[in-house]
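*Asks:* Here the protein sequences come in this chain order: A and D.
In this text, residue positions in the first sequence follow our numbering: the first is 231, and each later residue adds one.
In this text, residue positions in the second sequence follow our numbering: the first is 49, and each later residue adds one.
Calculated from the structure, these hints are not laboratory results.
Predicted model, so just to flag it, every value in this text is computed and none were measured.
Ideal Cβ positions, reconstructed from N, Cα and C, are used throughout, including at glycine.
The hints are all genuine.
Just so you have them, the derived chain A footprint on chain D, three or more residues with Cβ under 8 Å: (1) 254 to 262; (2) 347 to 353; (3) 388 to 401.
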Amino acid sequence: MDQRPDATLHQLNEPNDRNDMNHRLPTLLLLTGALSAHAQDDCSSAYPVTAGFYTITAVNGPGVPYPICAPNGSGATAGEWFSYTPTADHSLTVSTDLPMNTGLDTRFHVYNGTCGALNCVSGDDDSGSGLLSIATFNVDMGVTYFIAFDNRWSSAGFTFQLSEGNPIVNAVNFTPTSIPATGTVSCVVDMNGDHLDDVVGVTSTNININFQQQGGGFSTMNFPTAQATNTPSWSIAAGDIDNNGYNDLLYAGVGGVTFMRANADGSAYLTENRTDYIFCQRSNFVDINNDGHLDAFVCHDVAPNCYYLNDGSNALTFHQGGFGTTGGNYGSIWIDYDNDHQIDMFIAKCGGDPVNQLYHNNGDGTYTLVSPNMNMADNVQTWSSAWGDFDNDGDMDVLVGASSLGNGGHKLMRNDGTTFTNVSPGSGFDLFNGTSIEWITRDFNNDGYLDVLGGGKLMINNGDMTFTMSNITPTNGPTGDLNNDGFVDILNGSTAYMNTPNGNHYLTVDLEGTVSNRNGIGARVMVSSPLGNQIRDIRSGDGFRYMSSLNAHFGLGEDGTADVTVYWPSGIVNTVTNVAADEVITVVENTSTDVATHTPARELHLFPVPATDLVYITGPTDLTGRPVRVLDLTGREVMRADLKGDGLSVGGLASGTYMVQVVYPNGRTLQKRFIKN
Amino acid sequence: MFCTSGNGAARKAVLYLVDCMAGTRRAQRILALVAVAGGLFLGCRKEPPMPEEAPAGQAVHVDLDAMPYPTLSEYRFFVGDLSERLPNTGVLPYAPITPLFSDYASKERFVWMPSGGKAQYISDDQVLQFPEGTVLIKDFWYEQVQPNNDRRILETRLMFRRNGVWVFADYVWNNEQSEAFLDLNGSYVPLDHLDDGGTVRHVDYRIPSLAECHTCHKSDNVPIPIGPKPQNLDMTVTYADGPMDQLSRWVAEGYLEAGYPANIQHVIAWDDATQDLQLRVRSYLDANCAHCHNEHGHCEYRPMRFAFSMTADIANIGVCVAPEEVVDPGWTHIVEAGDTARSVLYHRINSTNEAYRMPLMGRTVIHREAVAMIGEWINGLTPPCTN
Chain A
231 MDQRPDATLH
241 QLNEPNDRND
251 MNHRLPTLLL
261 LTGALSAHAQ
271 DDCSSAYPVT
281 AGFYTITAVN
291 GPGVPYPICA
301 PNGSGATAGE
311 WFSYTPTADH
321 SLTVSTDLPM
331 NTGLDTRFHV
341 YNGTCGALNC
351 VSGDDDSGSG
361 LLSIATFNVD
371 MGVTYFIAFD
381 NRWSSAGFTF
391 QLSEGNPIVN
401 AVNFTPTSIP
411 ATGTVSCVVD
421 MNGDHLDDVV
431 GVTSTNININ
441 FQQQGGGFST
451 MNFPTAQATN
461 TPSWSIAAGD
471 IDNNGYNDLL
481 YAGVGGVTFM
491 RANADGSAYL
501 TENRTDYIFC
511 QRSNFVDINN
521 DGHLDAFVCH
531 DVAPNCYYLN
541 DGSNALTFHQ
551 GGFGTTGGNY
561 GSIWIDYDND
571 HQIDMFIAKC
581 GGDPVNQLYH
591 NNGDGTYTLV
601 SPNMNMADNV
611 QTWSSAWGDF
621 DNDGDMDVLV
631 GASSLGNGGH
641 KLMRNDGTTF
651 TNVSPGSGFD
661 LFNGTSIEWI
671 TRDFNNDGYL
681 DVLGGGKLMI
691 NNGDMTFTMS
701 NITPTNGPTG
711 DLNNDGFVDI
721 LNGSTAYMNT
731 PNGNHYLTVD
741 LEGTVSNRNG
751 IGARVMVSSP
761 LGNQIRDIRS
771 GDGFRYMSSL
781 NAHFGLGEDG
791 TADVTVYWPS
801 GIVNTVTNVA
811 ADEVITVVEN
821 TSTDVATHTP
831 ARELHLFPVP
841 ATDLVYITGP
851 TDLTGRPVRV
861 LDLTGREVMR
871 ADLKGDGLSV
881 GGLASGTYMV
891 QVVYPNGRTL
901 QKRFIKN
Chain D
49 MFCTSGNGAA
59 RKAVLYLVDC
69 MAGTRRAQRI
79 LALVAVAGGL
89 FLGCRKEPPM
99 PEEAPAGQAV
109 HVDLDAMPYP
119 TLSEYRFFVG
129 DLSERLPNTG
139 VLPYAPITPL
149 FSDYASKERF
159 VWMPSGGKAQ
169 YISDDQVLQF
179 PEGTVLIKDF
189 WYEQVQPNND
199 RRILETRLMF
209 RRNGVWVFAD
219 YVWNNEQSEA
229 FLDLNGSYVP
239 LDHLDDGGTV
249 RHVDYRIPSL
259 AECHTCHKSD
269 NVPIPIGPKP
279 QNLDMTVTYA
289 DGPMDQLSRW
299 VAEGYLEAGY
309 PANIQHVIAW
319 DDATQDLQLR
329 VRSYLDANCA
339 HCHNEHGHCE
349 YRPMRFAFSM
359 TADIANIGVC
369 VAPEEVVDPG
379 WTHIVEAGDT
389 ARSVLYHRIN
399 STNEAYRMPL
409 MGRTVIHREA
419 VAMIGEWING
429 LTPPCTN
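Next comes chain D alone, as it looks inside the complex (with noise of 0.2 Å):
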């Protein structure tokens, strides 16, 4: 099923992808996209009624010069009860193929382009050149949150386009969850919810301040977006109206220009099993590590490279790199081949002190499954280093 809106023309969002609490069930999650109601009902989200259509008059309201607005329903992003969070015409959800943790926060992710906008491939492991007028949102809620077991949404972050610059703009929603205010002061968030398994987490949720938003989205300290690379995206997301791949869906709603090569090397679902098990580690190196990282990230200056593009070297994970830093002189390598108790890199992914814990902002808890799977390779890696 491919909905459009009455006039034909202009676009409607068709799908809802959410990253729910546990990684492991994101697979299922992907696929578990079903129409209901001329929407659609995703497993991990509470029966969202899609409206019909937005109501006449009252598209999405950017005005580039007048951003950020003091709150979230300004934009009109979304329509009918906010906390619902219902995308208005032309807001896009899309969906990372591996996502980054974020304290088992679940995220849902729009794109918003003014008429006649598209964005352009650059490369497979490169943000996609967007245009003016861009604005990319970004939800984060937990769900089974205590005492009453319920939703509770946290934050919306924004990044929009203007005069080729990306500004930040966070909106952090009231108790009522009925409004986000703009806040880039940062915060926290304590709170108790449960996992997939019944057990009670307590999580000090982070809401970023500017500086934090800028610390990971940076190349050479210009602001950029992470996720939306090629590489990515590049993935068959079961639709309503049935199996697409996720960048034609773009391509035809107009937000993405045609003709990007064919076969793009994208990464793997970092929690599926049956794929083979250093592809899913350089996934998720890459959707969590590489935005520091690289050449132009926030700790360039450290030998480790996790973009998946330049992970099929290991070396560039670190294995048997010994460290610039040290912060245990037992951890003898960023990754120990064979040995996790000697490589900083499983310690660091497997702290929560916030003096070595990796990544160092965005996550305060650990994410354990993760961890168990990095684990497995690191123990897995032969031969041991001699260095």
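With the rest of the complex left out, here is chain A (with noise of 0.2 Å):
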């Protein structure tokens, strides 16, 4: 290894807190003559560093960091590198967010693992002033990190610091994966019926499908088309026109649609071009007119809004007309709003006709707008809104997000039955200066209510319609279950942000109609468990320009078995009762007799329960040599081991109740909890 003097340290004892540190800095720097150059080019070569300051004259390293932790993707063609080991568990802050740093910019990569095998711990490009970095994240005792600077913007030296602190809870936490996936990936959704949620990406003239597999990870196939004339550049839309068990999509374009229909097998797309002139904006999947037949509605933003009906030989017919006459139609989604089990429609409306639309169904194929008589033709210039029951009253609420501040700021409006209330107010979101044109809603931590994802920040809802802002590295994407672990990820790009489980329980309900369209799309879904009543609407396309998992996810907190019941569009209604958590079970739309169909064990078994010196564990693949992690209740870390056979020794550990968690290299986690004798 060469010794170049390109990159310069230093270090520095210093206590970690930083307003002290600041005092002290010009201090510091003067204390900068006595410097020895070290080699940091690569992973091979990275620095050791404790707490303290360092200095990089050049990012001019032959080691580009890989892979990319930080926000903002590729681009980078040197790197720096150093390695950390902590002394014990704690929190580690790695900053350039320094005063001499001023008007730099810079961006780093945070792994554990070993040099050509690195796992994405942290990283961080802009979250510090100006286009500085920094980021706090937990890091365990004895574990070697490895902290890379990359040229992704800049290549000019600069200072940072290390700080050590107390460990720190987020709310949620989310590992970066990376999918092979290509063309504009916005799409999460089951392509092939197996319920389990694969990614989309899309370009022209080829369909790029990652299949989700039943034992984790990705199978990557790609189906070429004939020249789509539009793409998804706007929104796009799942879908089954055909019942046939595979998903077709509808490419939203600024000229207009292109329907991609799935053949009988799932083998081969077919391009159908419409020239139907609409500049789309949000589009959906629904049955209009409930008429058993899928029907896909798109938003005009210069025109007034235009559908496709399915006449029931799956032949689509233009409509224009019926969901008012202007434009600046940008997010359309349909609810029950008044729990009448006929699916309502809102648009989110923007521009220079921004007052927003609330469409009743009347169950004839008419649509009434009722927003002015529901308090809800407010005049937010906003892109889409959230939808979700926030307060598990058995009605949906909605936070209409602003994507300018221009006409006011976001609404939060809680469902009183008759009319809508706006309870912004102290709700968290009135003192919420963060804009966006995406705002959907999730229960991201699995306690049973629903967050919501937008502005730039994660809102977790406090369970009384009040929400705290967190921080979180993914920006709003498509969202999905894509390591089947029952916690919702976040695709951005080709990066999967993996939300790590907190222990939570959880329940996933996936459809799958028989008189009504075969994903039960419009359909609602009720669970039931002790924390109260959480309901979801099946909807094709929500937030602006993504299309998000159709299967139904329900957070349990602490509750072990719910009953679930779905109304479906036909009527039709299913219940199942005394649900195990934890699992994923399919409905099928039935007239006789309600059915689930337990999903195949996609899950951990112990044994056996309680346990006293050795926990059996198996999985849906051999676990052998996998790394264990058993948490405490509080989801603190208290054991790591990596599975010998089948046998976990646990002989060491306290009585009381425990959670093992089984991490695969693609980022998914299996878990489950046992109890210690």
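Join the two chains into one complex using the hints; note that each chain is given alone, in its own frame.
*Replies:* This is the structure in structure tokens:
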């Protein structure tokens, strides 16, 4: 390894208190005269560091950090590498957000593992002031971490600081995992009927699908298509137009719509270019006239909204009108706001005619504008809205998220049956100035209350119609369960941010319509457990641009069982009682009996329960050699080991309840609770 | 030279201005007007013989109640071979100082007003107040279209003022180039053409639908023209009879009420490299972005205000202004001073991805010369943004 004095290091012992640090900095800088050069040009020559300050004179080492853990993708051509091995469990803050770096532009990645097989732990680009970087993350005693800076934006030198602190508790933790997706990757949905969410990327001549595998991981296939004259540059939606078990796609472009229809065995897609001019915005598949055949709806930016009605022979006929007379239609979302089990529709509007619209489904194929009567005719400039029962009182509330604050900020509207009430003041949204075109709601921490993602933040639902702002690395993207662990993951381009399980229970309900459309789009799913009743409406297309999973995901908190009721668009109601938590069940629309197919085990089995010395662990695949973590009920790690055979020695643990987690290489985590005698 | 028609009272078109394919040649183009055989010749145009006079009885035919007509020829805006688009009496060519970029298509513009009608000056940066019956005419074509290397006219757009309201019409030319037909449904015309450097360029040229016309040509949802503002017209044009101020020519033609301010705050030719870079950028942004990004336009709810009269304050261009819509988290400001890679504006104008390209209509290929200019401007901005 050459010893070019490209990066000069100096370490200074310094308290962790950043304020204190800032005061002392001028003195410290005077001490930098005695510097020594170190090679840290790549992972293998990473320079060991501890808490303190270090100066890099230029980012010019040949070891380009990979994988990319920080935001903002590829483009770096050089790196500078450091290693850090904590002597205790604590948090580590890596920061270039220092006064002497003003005006500079930095980025770093943090890994564990070994050179050549690194895993992302953290990373940051711009969380500091200006374009500087800062991230705080937990580190485990004795584990070696690699901190690698790159020149994604600038090769100029800078100073960075490492400081240690108490372990942090994030509301939700995500781990980035790369998926070999290509094209415009804005769709996470099951494409082949196995109820596992897949990743779909498209170009005008190709559909790239990463099929999620039963045992975890993905299998990549490309389906060449005839030229699509419209690409999903404005939105994409998925639905099964002909109920053949393979989802079809709708590409909503700047000048119109192209449908991609899956053939009978899902081995090819037929291109159906439509010539009707639509400046498309949000698009959805939904059975608009409730005739059992899936239709398509497309927001029009500069003219009245459009839709394609399915005549039952799967031909789609263009219609325009009936949903407003003006443009400025950005975010349509189909929900049942009045619990009459007829799907209704809300449009987030923007531009010169920004008054939002709520349409009530009359049940006869017609819709009536009710937003003025329902206190929903607000003129906030919005491109999408997040509909969910935030207070679990049995009806759909909504967060109308601002895209621009010019006509006022976000509106949190509580459904009070006969009207909606603005409960924004004091909710956390009143003080939130982040804007975005994407607003969605999911239960990201599986506590049984729907959270909101938008405006660059995750708003954690406190359960009382107030929300707590939380920083997360991923931005809005399509969501689904990409490692089938019962926690909602977020896709940003070809990077899947896998949501780390936190011990809360979950239930995922997949639907299979037989009278209604195959996916059960438009169905209401209710899950009842001790924490209350939770509802989801199955919808193809929420937020603005992306298509997210059609599976209904419910966090259950501490609850171990739940009852499930499905209200199908057909009017059929199926109920399944006493379903064990932490499972995926498939409810098939059935006119005679209530049937739930329990998906084959994708879970861990532990025995004996309770355990004394050994716990035997089996899973869907051989677990030998897999790393295992044992957490206590507060989420604290009490033990880790690599499985030898299938037995885990737990004799050293105190009596109590614990969680076992097995981590797969793709980031998928399976977990199960056990009791230690 | 100032040509008049035989009766001495009627107006006659005397200048012929064309936007050529390459913006960099614009300045020379304006100055390239030369008299040819009683008409005008212009560098970019292939020998348009100017008729001595419109044939008797063949005056422009504007019957507002019957418009738009099914075909372009019915208006008699042009005389002789329609494809030559030689303006009839009273059909006055005009040109903006800095034009909208339209996928490297060539364009020319004409204005016609009924007898006695005159436009009124409102302000430097507002469209002239046109009289009832005014017709604005704009042709779009490509030169050196492959494989035969010939000219292909694609469309002629009209806006006419009826009952105080601007009405859109668009005429799509047939392959024979003998007629253009009313069509407001929108369509694509894929073609290859040679650029100035001899490179074959492909374009899926978009002929707009009515809704697309209205998207850009509106103020508070009311249809309006965009180009004919004093700030865009206030330039000296070298006519066949010598240099003349364009607005003065409109007055001389009887198309503009005299008495407007002498000192108009005008844009400059964006491609005039002798001019101040920031002024060139501001002029370009006005012509290409301000029709939507103004207080009454399609994107009025975004913070950018690209009108030339607003951009002396470069915060209105988005310098160090964080984007409300995050296209890419690495693009930290609308314009990141000194750094194109982090500037939303730069990425948007340098992209053909229809999800975030700007302008979002009327452009499907990258305006390379303009991107280079704006990139140079951004990279030269100091100090760095600190917010």
